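Peer 1: In case you want the letters, here they are:
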Amino acid sequence: MDFLWILILLGYTICVTQSLISLTSSRPMLPRVALASLMVAFGSQTVWLLLRGLQTGRFPVAGTQEMCAFLSWGLVISYLIAARWYRADALKAFIFPIILVLSTVAAIAPVTPVTTLGIESPFQSILFPVHAGLILLAYCAFFIAFGAGLMYMIQERELRHKRLGRVFYRLPSLETCDAISFRTTAIGFVLLTLGIAAGIIWLHAQDPEGRYFKGEPDEIFAVFSWLVYLFMIQSRINARWGGRTAALASVISFMLVVCSLVGLRYFGTLHTFG
Amino acid sequence: MNIVLIGISHKTAPLEMRERVAFSDDRMTDALSTLVDQENIDEGLILSTCNRVELLASSPDGSERGIDLLTEFLCGFHGLPRQSLKGHLYGLAGDRAVHHVFRVASSLDSMVVGESQILGQFKDAYQHALRAGTVGRVLSQVAHKAISVAKRVRTETAVSQKPVSISSVAVELACKVFGDLSDNSVMLVGAGDMGELTAKNLMEAGAGKLIVTNRTAGRAEQIAKQYGGGAINFEAFYDVLPSADIVICSTGAPEYVIKTAEAKKSLKTRRRGPLLFIDISVPRNIDPTIANLDDVFLFDVDDFQAIVDMNLRERESEARSAEAIVEAEVHQFIRHLRSLDIGPDIVEVKQLLSTMAMSEFNRNRKRIGVLTPEQEAAIQNVLIPALVNKLSHPVIVHLKTAARNGDTSAVLAELRKMLRID
Chain A
1 MDFLWILILL
11 GYTICVTQSL
21 ISLTSSRPML
31 PRVALASLMV
41 AFGSQTVWLL
51 LRGLQTGRFP
61 VAGTQEMCAF
71 LSWGLVISYL
81 IAARWYRADA
91 LKAFIFPIIL
101 VLSTVAAIAP
111 VTPVTTLGIE
121 SPFQSILFPV
131 HAGLILLAYC
141 AFFIAFGAGL
151 MYMIQERELR
161 HKRLGRVFYR
171 LPSLETCDAI
181 SFRTTAIGFV
191 LLTLGIAAGI
201 IWLHAQDPEG
211 RYFKGEPDEI
221 FAVFSWLVYL
231 FMIQSRINAR
241 WGGRTAALAS
251 VISFMLVVCS
261 LVGLRYFGTL
271 HTFG
Chain B
1 MNIVLIGISH
11 KTAPLEMRER
21 VAFSDDRMTD
31 ALSTLVDQEN
41 IDEGLILSTC
51 NRVELLASSP
61 DGSERGIDLL
71 TEFLCGFHGL
81 PRQSLKGHLY
91 GLAGDRAVHH
101 VFRVASSLDS
111 MVVGESQILG
121 QFKDAYQHAL
131 RAGTVGRVLS
141 QVAHKAISVA
151 KRVRTETAVS
161 QKPVSISSVA
171 VELACKVFGD
181 LSDNSVMLVG
191 AGDMGELTAK
201 NLMEAGAGKL
211 IVTNRTAGRA
221 EQIAKQYGGG
231 AINFEAFYDV
241 LPSADIVICS
251 TGAPEYVIKT
261 AEAKKSLKTR
271 RRGPLLFIDI
281 SVPRNIDPTI
291 ANLDDVFLFD
301 VDDFQAIVDM
311 NLRERESEAR
321 SAEAIVEAEV
331 HQFIRHLRSL
341 DIGPDIVEVK
351 QLLSTMAMSE
361 FNRNRKRIGV
371 LTPEQEAAIQ
381 NVLIPALVNK
391 LSHPVIVHLK
401 TAARNGDTSA
411 VLAELRKMLR
421 ID
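So the protein sequences, as listed, match chains A and B. Heads up, the first sequence is in this note's numbering, so the first residue is 1 and it goes up one at a time. Heads up, the second sequence is in this note's numbering, so the first residue is 1 and it goes up one at a time.
It is worth saying that the hints were derived from the structure and are not from the lab. Among the hints, a few may not be true.
Only pairs whose alpha carbons sit at most 20 Å apart, straight line, appear in this in silico SDA-like list of lysine to any residue [claimed, not checked]: (1) B/Lys123 with B/Ile147; (2) B/Lys123 with B/Ser168; (3) A/Lys162 with B/Lys86; (4) B/Lys417 with B/Ser392; (5) B/Lys350 with B/Val411; (6) B/Lys350 with B/Gln332; (7) A/Lys162 with B/Ile147; (8) B/Lys390 with B/Ala378; (9) A/Lys162 with B/Asp300; (10) A/Lys162 with B/Ala306; (11) A/Lys214 with A/Thr193; (12) B/Lys265 with A/Gly242; (13) A/Lys214 with A/Ile196; (14) A/Lys162 with B/Gln305; (15) B/Lys86 with B/Pro163; (16) B/Lys259 with B/Thr289; (17) B/Lys200 with B/Glu235; (18) B/Lys400 with B/Arg335; (19) A/Lys162 with B/Asn362; (20) B/Lys145 with B/Gln305; (21) A/Lys162 with B/Asp303; (22) A/Lys162 with B/Val164; (23) B/Lys390 with B/Ser359; (24) B/Lys200 with B/Gly79; (25) B/Lys268 with A/Ser235; (26) A/Lys162 with B/Val411; (27) B/Lys400 with B/Leu353; (28) A/Lys162 with B/Thr289; (29) B/Lys264 with A/Arg244; (30) A/Lys162 with B/Val296; (31) B/Lys151 with A/Pro28; (32) A/Lys162 with B/Pro288; (33) A/Lys162 with B/Ser168; (34) A/Lys162 with B/Pro163; (35) B/Lys417 with B/Val388; (36) B/Lys264 with A/Gly242; (37) B/Lys268 with A/Ile237; (38) B/Lys259 with A/Arg160; (39) B/Lys11 with B/Thr49; (40) B/Lys264 with A/Arg160.
Since we're looking at a predicted model, the values are computed, not measured.
Okay, chain B solo, but in the shape it has when bound (with noise of 0.2 Å):
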């Protein structure tokens, strides 16, 4: 038994080349039917998402010629010449196939390490290819384990346990400020796409209240009307900020749009509690000095990109120990399959002893003399079983033994020799 794969992904190709081979949903089923029909092709399992697309398949022919099918398959379905994906396409057979799965699936080849959405992505493709009923003993274990190492890298390493963008990292310090954020209000200033994203980003984490206000008061209003928060008066923000926890900064103003007089002026009357702003503008639209309030917290853009860059390294160092674990786990699973592999050799192997002892027992059974034919009846379904169990059992340790370390054949035709049949 061999496991394929084929990939293309972010590192190989550009989004053109990815766009090309990509599977839609809807045309998912289609493809997996179409890749099984396949003479040579036992199960089929295709991942495709915007960064990859990898066809992974089990084939009793040799590697070569099951990643050469592959390749046909992909190519046939697009309608592209081979030619075209030479140079950007991977093939990998075996323990390798498997290896790039696990590190596929835990997040280690994607483009940001660590992200958590490959997973459920590789879970959805592990469903379609279920529900096509084009994955069988083979490729469900290898989606099963692979799922589980995944699991198991989160949990022991912190490769995704950082974030890494500025939005994420803006609600991961405003958690660490105020905890839970259902008592909060976020305060939007600015319509900008980066304090938009987040400001929703805030209201997703838990935040109680969303107040935003803008020059033109229309965008204002919509953004508050999508998020469910009220609307206010570009002019009335002074008025409004003691009853803000975060604030978000984000106009294309060319100076400050919060001063700290103002401000300092304005939160005289705020209850007690630390304030937290966000400067996501540039030029900066806050004053600097309005961190040296009390109680007053304030992060700019580059503050954010030194705390995401110091999150993507440690990701990075994290990523060794997690290349570890899939190291391992990947030797396992392969020893795991391989051992599998035998199950038909334990059947022969005790189907030969069985055949042996019954024919002994019928040249005897005149010797034996007479049986009643509740006593025939334990030899052949106690006795005999009982026997053939117990000589074979040395038999199948050291066919285990050899099938984990490669190939049972050897084994087996010693054995063969030894029983003298053939």
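One chain only, chain A, in its complex shape (with noise of 0.2 Å):
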């Protein structure tokens, strides 16, 4: 398993190095050889997760390492999909670093010790990937919601101040990064609340009074972040906000999410295994 892990992390290093090089240069910089360390990375990590699944026998997503690791996968789907869709190569520069900095965590993180997680019922079993797949993909669309966000913040303030370098004429037009970040914005919301609502139902069976809130800490994260981004969604279909607005909406709700999971995962409790 280690050797997949070197693998995977060289790949994703040369990509990173070759997306933030090909954003600043003139023209794009041995893109055979980035690709060809992406499909290694890739395919590496993918591996990784069935050999995962198969000896834990269950879906590959429970603790931190797990879940980095799936994570990472996911986005570099997402990202597959949104550059394929929008013609937009630029976004790599933005999602590559955050690929390689989720499969790093995962790499030297502990390994989740093979539980149960609870999972005694074939129901159970097939709500645990509902509810932790979706959520996660969820994070993924997001994550190229904020990597859009990025690029139209930086392209907006180029055009303001006329200084238009290089990385200006790599990005997407703004009407495509707006697109971006709100069509994924938008996926990534819908997945979430079927992920919530996934892990309602899961809360309820296992419960023995038969709840489906109890307060803690991760619930009261997951309405959190699920009322941010239907704030997001809501002001945007609206029109209340402009472009630049928008975009800086979908790079602080990021973050904001994401600074309250890390702050859960280790000062609260994340689900109690991991």
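Hints are included, so try docking the two chains, each in its own frame, into the full complex.
Peer 2: Structure follows, in structure tokens:
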């Protein structure tokens, strides 16, 4: 398994370097090398997740290590879809560093003990991947929205100050950044809603008193992030915000959510495993 | 074989001079055939644009004589005294001529370095000569290589990447803000030339709609009609502003035509999304404080000029790497051309060896004894040619190396001595 992590980290490091150099140079550098390293890293990560799933006999999204590995894996897919749909290759310079950080955390995090997580009935064993998987995929979408928001802000700034550097010419158009940011936020919100719903049903099934909400920090966090994104989407649809405010909002709300998630993991409890 | 070139360009002569030696399209075929009809001119190609006239030819004569012949032709064809072109005309031969052709096709010798028209003009000139039947083995190769070098320069360097005129910078900015322009409408305020040109370029870049307004309604309608747009009353400007995405202002008015307070009020009903104001009037016609509004971007003439200057500087620095590409390609091409020149020499060497082998065979025929006709044919048609090929191979390799380095005659003389001929 260690060998896979070396491949993963090496591959993503090459991708990050290449994407950052390409962003600031007049021509894309070594696109084939980058694509090959991405394929190797992504392939290795897929193999790792599969092996981990077989080893534990459950969907590999429990604990810091598996969550980060799954997030970075999902993020590669999300990036590929977004970049292809919008022909926004420059997005990789903003997404690959996140993928590398997540993979590094996964590589050095302690291995999640093989527990049953209270998965006793077949009903729960379906609900677990649905709940965790959907929420993590929602985060992937929010990551992309964050990257697109950053691209929007950089570009908007350069246009306002009329200083059009190399980065400016590499980024997709303002409207494209705006569209990516909005669409991915909306998709992420739907996934998050479904994931939370699955979590509530699971909680209800597991709780001896049949409660839907226990008021634990992780539940409060879920409601909090759901409300943040609800507010954001609502403001966007009502055209209350201009492009810059919307981009800023997607960056800030994402940072808010990530910070509280990290805080929860280390100061509170995000479920009691891992 | 000698490649020779004479030319006159924006760098060596003023427009009045270039006009006098230009070749119009309808006289081109005539000119090309007259050129190759001359003794000692084998192939000819003429490139005639508003910035340059270049005559390229291949001639069996020495380079000076070749250049002389071309000059004579140019003066004769246009009925000009030779003296009048002195100091304006340049003559090049051999690898320097090839170098010049590659640079011209790659737009490194253009007035605006990296402009894309010249390659098209060069291709046309080659097609013209091809149809007139005045290019052959040598010039075809020069032209093909020049085109491929130009393409390489374009893809491997950023020499023609960024726009260097105000209207094209405006189009690029619009594309950077809106992406595909098909959903966006352009509003042209005023009928200044630069404004009209910018609107035209935007429409050509795929903008969805054009609205024109001008103090003189007739002129607005005229422009609108030309580019398939609509005209509106000058007074109704603020009512229509919310539907525009790109506003170009180019009037002769001495004061602000578009004011911030009114624009702000009018934009309240606008759907969300960026709005680009382009002010190409001097004095300015758009209140600069309009840029403080949400999602509004404003560029004036000075902003555009600053971008143009920056792009020009970048083209210049990119031109240096382009020159290196051209240099390397010329070197390689000349080597290739020289190795082609040894074709007749190879035939000669093979002939020599073949004759020797055949005469030896005939001399010793009796000693070989009885052979069936099939065996005899096999010796003559298979064995001897195989031997000749085998024996001549090192000689040919040697010849090719000599050719790449310059001259084959010394090697050939050596060979003759070795084989005791002449």
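Peer 1: Which earlier hints can't be squared with this structure?
Peer 2: Of the numbered hints, 2, 3, 6, 7, 15, 17, 19, 20, 24, 26 do not hold.
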